[in-house]
Amino acid sequence: MESSVRQIADVSLIRIDGRVDHATAKAFEEVIKPHLDDTGGAPLPKILLDLGGLSFMTSAGLRVLMIAAKACAAQGRDLAVAALQPAIAEIFKISRFDLVLTIYPTVEDGLSSLSSEAAALWEAG
Amino acid sequence: MIDFVSGLARERGFGPKRILEVELAAEEALVNILTYAYPKGAGDIEIACRGEGGSRLTVEIRDYGVAFDPLSFPVPDLLVELAIRKVGGLGVFFVRQMADHVEYRRSENANVLTLTFTNREPQKWVNSTHTEGT
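Those protein sequences? They're chains A and B, same order as listed.
1 is the number of the first residue of the first sequence in our numbering; add one for each residue after it.
1 is the number of the first residue of the second sequence in our numbering; add one for each residue after it.
Since the hints were made in silico from the structure, they are not lab data.
Backbone N, C-alpha and C fix where the C-beta goes; we use that ideal spot for every residue, glycine too.
Do not take every clue at face value.
A few chain A residues that don't get close to chain B, going by computed Cβ distances all over 12 Å [to be verified]: (1) D37; (2) T39; (3) L99.
Partial selection, computed: residues in chain A whose CB lies under 8 Å from chain B [stated by the list, open to error]: (4) G52; (5) F56; (6) T58; (7) S59; (8) L62; (9) M66; (10) I67; (11) K70; (12) A73; (13) A87; (14) A89; (15) I94; (16) S95; (17) R96; (18) V100.
Chain A on its own, in the form it takes in the complex (with noise of 0.2 Å):
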């Protein structure tokens, strides 16, 4: 598994490659885990995690996933995924994970339904 994180205006743009599997899991919840924090900054940055790149993932990611979940759901704050691969989406699907999160189609749509500011930069390259 690899990642980056870029912030783009109020949105944390997390980027994740690879496979989230039982052996990666912990690595995974490393890199998202600092971006849950309640810096007591208002308001909190939103988080779109760009899983393009994402080519397989067990219910150890999906643990990850719906924690980080519940965490942004008790501060208010979205926390969304974006670029599902077919087999990817097929796993949120059966486990009924767009009721955990919100799963836009591609970047540009997630970036553009979370914050304009974010959008407009995207654009903007």
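Please arrange chain B on chain A, whose structure you already have, making use of the hints.
Below, chain B without anything else, positioned relative to chain A:
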């Protein structure tokens, strides 16, 4: 171990998506054994695969740990709101969903889990266990 199973699925002509589903089921089954059968750590796991006809793969996973029947695990309620939805329980759920047939038996001092996969397109999943108002 996972690569071994998915390699056999590939040899049988399973499509890429179905191979990922076989991998998912195999990984979840193995992680469950590590968690429940061998809670203290190491232990032996044996995997035997056989093909029955070209498009079917049977995977038998055997361990010698604590007796546990993964099929006795409750089916998670996936339709409740996020705040009260439980975090775990998806591993066995995926095993059940991805395999065409799952069977558990305790044989002498071993847990034996048998997963059967056919090279099918994944079925559209419906939560048949949920009842309105519960």
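For each hint, the structure was consulted:
no., hint, result
1, D37, "holds, 19 Å"
2, T39, "holds, 23 Å"
3, L99, "violated, 7 Å"
4, G52, "violated, 16 Å"
5, F56, "holds, 6 Å"
6, T58, "holds, 5 Å"
7, S59, "holds, 4 Å"
8, L62, "holds, 6 Å"
9, M66, "holds, 5 Å"
10, I67, "holds, 6 Å"
11, K70, "holds, 6 Å"
12, A73, "holds, 6 Å"
13, A87, "holds, 5 Å"
14, A89, "violated, 11 Å"
15, I94, "holds, 5 Å"
16, S95, "holds, 6 Å"
17, R96, "holds, 4 Å"
18, V100, "holds, 6 Å"
Hint compliance for this structure: hints 3, 4 and 14 are not met, and every other hint is.
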